[in-house]
Amino acid sequence: MINLKFNVNGKDVEITVDDSLRLLDILRDELGLTGTKEGCGIGECGACTVIMNGEAVNSCMILAEQVQNAKVETVENLEKNEVLSKLQDAFLDNGAIQCGFCTTGMLMSSKALLDKNPTPSEEEIKTALEGNLCRCTGYVPILNSVKDAVKKYLHK
Amino acid sequence: MKSIRKIDAIPKLNGSWKFLDDYSYKGMIHGQLLYSTCHHGIIKQIHFPDGYDLSEFTMVSAADIPGENIVPEPVCDQPYMADKEVFHFGQVIMGIAHPNRKLLREFISNTSIEYEELPAITDIKECLDNEKNAFGRELTIDHRTGKKPDPNWVHHHKIYYTPHQEQAYLEPQGMIAVWQPKDKIMFVRATCQCPFFVKEGVEAIMGDTIKEAVIETSEGIGGAFGGKEDFPNLLAGITSLLSYKSGKPVKIVLDRSDDIQITTKRHPARIEIETWTDPKTKKIMKIDIDYRLDAGAYQTLSPVVLARGVLHAISGYSIPDAFIRGRLFHSNTPSNGAFRGFGAPQAFAAMEAHIDNIASDLKMNPYKFRKINLFKIGDEFPTTQPILEDHLSNCLERVIDKSNYSKKLKEFKEWNKTHKDKKGIGISIGYHGGGYTGNGEKVLNSEVKVVIEKDAIVKIYVSNTDMGQGAHTTLAQMFFEAIDHPREKCRIQLPNTSKTPNSGPTVASRTIYIIGNLLRKFAFKIKDELGFENLEGYVASNQNEFPREFRMNFVQDPSVVFDDENYVGVAYKDYSWAACVTEIYYHADTYQIELTKSWSVMDIGKVVNQKIATGQAEGGVLQGLAYGLCEFFYKPGYGRMHGFTDYALPTTMDLPEIDVEFIHNDSPIAKGLGEIPMDFPAPSVRNAFHNATGIFINEYPLVPERIYSYMQRATDRHRQTQTV
Ligand code: FES
Ligand code: FES
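Chains as they are written, first to last, in numbering that gives the first Met the number 0: chain A, 0 to 155; chain B, 0 to 723.
In case anyone wonders, no lab produced these hints; they're calculated from the structure.
Just so you know, these numbers come straight off a predicted model, no measurement behind them.
We put the CB at the ideal spot given by N, CA and C, even for glycine.
Any given hint could turn out to be false.
Claimed, not checked - With a straight-line Cα cutoff of 27 Å, these simulated BS3-like cross-link-like pairs (lysine-lysine) come out:
id, chain 1, residue 1, chain 2, residue 2
1, B, 17, A, 85
2, A, 4, B, 101
3, A, 146, B, 596
4, B, 448, B, 407
5, A, 125, A, 146
6, B, 572, B, 183
7, B, 147, B, 281
8, A, 10, B, 17
9, B, 25, B, 498
10, B, 281, A, 150
11, B, 25, B, 247
12, B, 43, B, 247
13, A, 146, B, 572
14, B, 596, B, 524
15, B, 416, B, 17
16, A, 146, A, 79
17, A, 70, A, 85
18, A, 125, B, 43
19, B, 407, B, 247
20, B, 367, B, 441
21, B, 247, A, 79
22, B, 362, B, 101
23, B, 17, A, 70
24, B, 422, A, 125
25, B, 282, B, 488
26, B, 147, B, 25
Stated by the list, open to error - If we take Cβ atoms under 8 Å as the criterion, some of the chain A residues that face chain B in the derived model are:
id, residue
27, 1
28, 37
29, 50
30, 96
31, 123
32, 132
33, 143
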């Protein structure tokens, strides 16, 4: 067992968990944040992407001890007071959501990119989302959404 | 053609929409499948690892089944769990459950099974090349004239192979069963396409021990593409049995590697085509097609895939003398099943390649050769079904025009003269018959239900699921737009077999085409019956009539008369049509094809929701291109493919520019959309590669290893001719 202190979506959390748990299990099973999905469990699909200390990470590949003192952000933090973030809005406008299983991971990878680089090029967007698989959309509307969000950020 | 926002979009964006694994029940334990790692053999003994308290586990095997150990399918030949003999890698032997999922996983991975190994067929060619492996009913479409081919006609005889394809829905297969002993009800929460199939599956395995199985889907179904058509029946059966035996709710979510290794895939095919073409008129005069599918170890639903395969095998060409023979072949690999396209992508992959082979031999432009042979109004399918529209030809003209095909053909030819890398451009066409084949829709007799509440809320009840294709949004839209009812006053019930009537499975591009058009008709019928102009006003002034329930069944058009025995008649009332042009850049040093741009023009009839339809089409086109380019299993069933690192799904980095356009959308009827985008793109990649390099590859996909070996052969041949 391991005693963990970290911050999730702006809230401090203290919790004792089995040290073999992954960040994904802690979020989903211990904290009830099921917006983060498991598509493969071995770092291949990106459905479990969250932002940890400013970086997009596959939460299925992060072990409990690595979470100590970390700052974690999940999809549940994007919508504030029932207002969607600009990025979510752009996904909505572009019809970027089909089955939705990849969507939350896509949002977090995109957010991590835009947080660091608010004006990415098309290539930079593609590279940032390379680890996020989507079988439904063919990626077209997802890439358009990120491009749109960039425009929205610029005009805020 | 409005783009009404998807009803589930916001909860999917904020993470609150629940997928199967997001549900949990009090006292729930976890289940997992123990499956065969032997391709064919007799189970000698199962060794469980030491150090575990076996009393903590719930285990079920064939011996525990109170009902029948046969999964209900079009052909009932597959057991839920193997008894003594296993017939393929991945065949389920036991279901095992435990409160701790991690411990259960360890326990199962340390369990070993001893087999007496028997001979097995696991290679696609070993299966399909050998006539002895044929099993099940043979289908033939016989439209022969009995005349001998004219000796002046040019004869082409080629064999084409297509691989397995993985559906790769992002949400793995999963099931939760909750046994309710008081009412003798087995409640099942499923991520599936066909709740009523799952119901049958659970009731078959549980027999008289239960009164009824009630199936409700999860809110979110994370993609399916056919993969959640029949496998869920088996999974639900075993999960239910575990819940029954343990007395607890049981959840099974497959690990990705298990999911890839044991669930159904697209059938590999071997399609042998012989044609005779008149060199003067450039018309194909006679064709003979031998269409074979590797069904895997059991037939299950393969005969239905075979039917669609033979019905699409001739592609879009009028050939006066045609014979098509379709057969299933047996191998020791997991049963293959439904995958978007359902036998048609294999057919087009072969025939569209064959067309380019002939055109090249006749030194003809592949577009012009297609144009000469394409269906025209008044022609017939080999089943004698008349061709009533020339929309296929319209699609082809439009895509040739918008892609600048003719100009590029010349430009690339010039460019290629001075470059080691090559550019190429290729065409393909396709179509898809909407709904169940032949008399299928008559037999299904789909029913829909609508309840109008006192506050004029309309609630729609159908058993068709929304697995990401936006079906629920589009279905509701078809109803409320017909009677001009406000969108916010329209709801759709989550499919549940005790609440929603059986409107059939979510397959065969039938949801919008059959159920959507039915709902539209239904809306008009209710309007007529009640005689209102405005539903809200009517409900307000006639409060005592509400809530009120309405039901309606689908009635097949009388023109659909199909002889299932002889394969004669009208197989599908309406077809969606498509044509595609794909441009590639071939990297000579790495033997790699880079897709640069792909244009698709489709006729899906009325486009109900532009955004949803475009999204469906783009996603399907990429699946189709990847089928031609990179997706396959090296060794099916060997466990070679464990995950997405092995199985090359396209990522954002592989994405070409994709352009899709719908034509003829002023049509009154919305036709099938789900499958058509997957049917046709693959051969355009292959034909573009041929255009770039002059090399014919008659096997899919065109991965660098394969290209390399064909290139080597071509160079060797070249050398030989020089030495001679
Ligand atoms: S679940 Fe973590 S990358 Fe797939
Ligand atoms: S929307 Fe289904 S996987 Fe992306």
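A quick look at each hint next to the structure:
About 23 Å separates the Cα atoms of residue 17 of chain B and residue 85 of chain A, which keeps this hinted pair within 27 Å; it holds. At roughly 24 Å between alpha-carbon atoms, residue 4 of chain A and residue 101 of chain B fall within 27 Å of each other, so this suggested pair holds. Between residue 146 of chain A and residue 596 of chain B, the direct Cα distance comes to roughly 20 Å. Compliance with the 27 Å bound is thereby established for this hinted pair. Between residue 448 of chain B and residue 407 of chain B the alpha-carbon distance is near 53 Å, which puts this suggested pair outside the 27 Å criterion.
Using a Cα cut-off of 27 Å, the hinted pair residue 125 of chain A and residue 146 of chain A holds, with the two alpha carbons roughly 11 Å apart. Proposed proximity of residue 572 of chain B and residue 183 of chain B is contradicted: the alpha carbons are some 43 Å apart, above 27 Å. Note on residue 147 of chain B and residue 281 of chain B: the hinted pairing holds, with a Cα-Cα distance of about 18 Å set against a maximum of 27 Å. In summary, the hint linking residue 10 of chain A to residue 17 of chain B is supported, as the alpha carbons are separated by about 23 Å, within the 27 Å threshold.
About 24 Å separates the Cα atoms of residue 25 of chain B and residue 498 of chain B, which keeps this hinted pair within 27 Å; it holds. Our distance criterion of 27 Å between C-alpha atoms is broken by residue 281 of chain B and residue 150 of chain A, whose separation comes to about 54 Å. A hinted pair counts as satisfied when its Cα atoms are at most 27 Å apart, and residue 25 of chain B with residue 247 of chain B qualifies at roughly 9 Å. Restraint check for residue 43 of chain B and residue 247 of chain B: the C-alpha separation of about 31 Å exceeds 27 Å, so the hint is violated.
For the given pair, residue 146 of chain A sits about 42 Å from residue 572 of chain B by alpha-carbon distance, which is inconsistent with the 27 Å threshold. For the hint linking residue 596 of chain B to residue 524 of chain B, the alpha-carbon distance of about 45 Å lies beyond 27 Å, and the restraint is violated. Restraint check for residue 416 of chain B and residue 17 of chain B: the C-alpha separation of about 56 Å exceeds 27 Å, so the hint is violated. Between residue 146 of chain A and residue 79 of chain A, the direct Cα distance comes to roughly 22 Å. Compliance with the 27 Å bound is thereby established for this hinted pair.
Only pairs whose Cα atoms come within 27 Å are accepted, and residue 70 of chain A paired with residue 85 of chain A is accepted, the gap being roughly 22 Å. At roughly 52 Å between alpha-carbon atoms, residue 125 of chain A and residue 43 of chain B are farther apart than 27 Å, so this suggested pair is violated. At roughly 65 Å between alpha-carbon atoms, residue 407 of chain B and residue 247 of chain B are farther apart than 27 Å, so this suggested pair is violated. For the given pair, residue 367 of chain B sits about 40 Å from residue 441 of chain B by alpha-carbon distance, which is inconsistent with the 27 Å threshold.
This hinted pair does not check out: residue 247 of chain B and residue 79 of chain A have alpha carbons roughly 38 Å apart, beyond 27 Å. Note on residue 362 of chain B and residue 101 of chain B: the hinted pairing is violated, with a Cα-Cα distance of about 63 Å set against a maximum of 27 Å. Note on residue 17 of chain B and residue 70 of chain A: the hinted pairing holds, with a Cα-Cα distance of about 25 Å set against a maximum of 27 Å. For a cut-off of 27 Å, the pair hint linking residue 422 of chain B to residue 125 of chain A stands: about 24 Å separates their Cα positions.
Only pairs whose Cα atoms come within 27 Å are accepted, and residue 282 of chain B paired with residue 488 of chain B is rejected, the gap being roughly 56 Å. Taken as a hint, the residue 147 of chain B and residue 25 of chain B pair is broken in the structure, with Cα atoms around 72 Å apart against an allowance of 27 Å. Interface hint at residue 1 of chain A: violated, since its Cβ lies 15 Å from the closest Cβ of chain B, which is beyond the 8 Å cut-off. At a threshold of 8 Å, the smallest CB-CB gap from residue 37 of chain A to chain B is about 7 Å, leaving the interface hint in force.
Nearest Cβ of chain B to the Cβ of residue 50 of chain A: about 14 Å, over the 8 Å cut. The hint is violated. Because the smallest distance between the Cβ of residue 96 of chain A and any Cβ of chain B comes to about 5 Å, under 8 Å, the interface hint for this residue holds. The interface hint given for residue 123 of chain A is broken, as the beta carbon of that residue sits about 11 Å from the closest beta carbon of chain B, more than 8 Å. With its C-beta approaching chain B no nearer than about 6 Å, residue 132 of chain A sits inside the 8 Å limit, and its interface hint holds.
With a least beta-carbon distance of about 10 Å to chain B, the hint placing residue 143 of chain A at the interface is violated under the 8 Å criterion.
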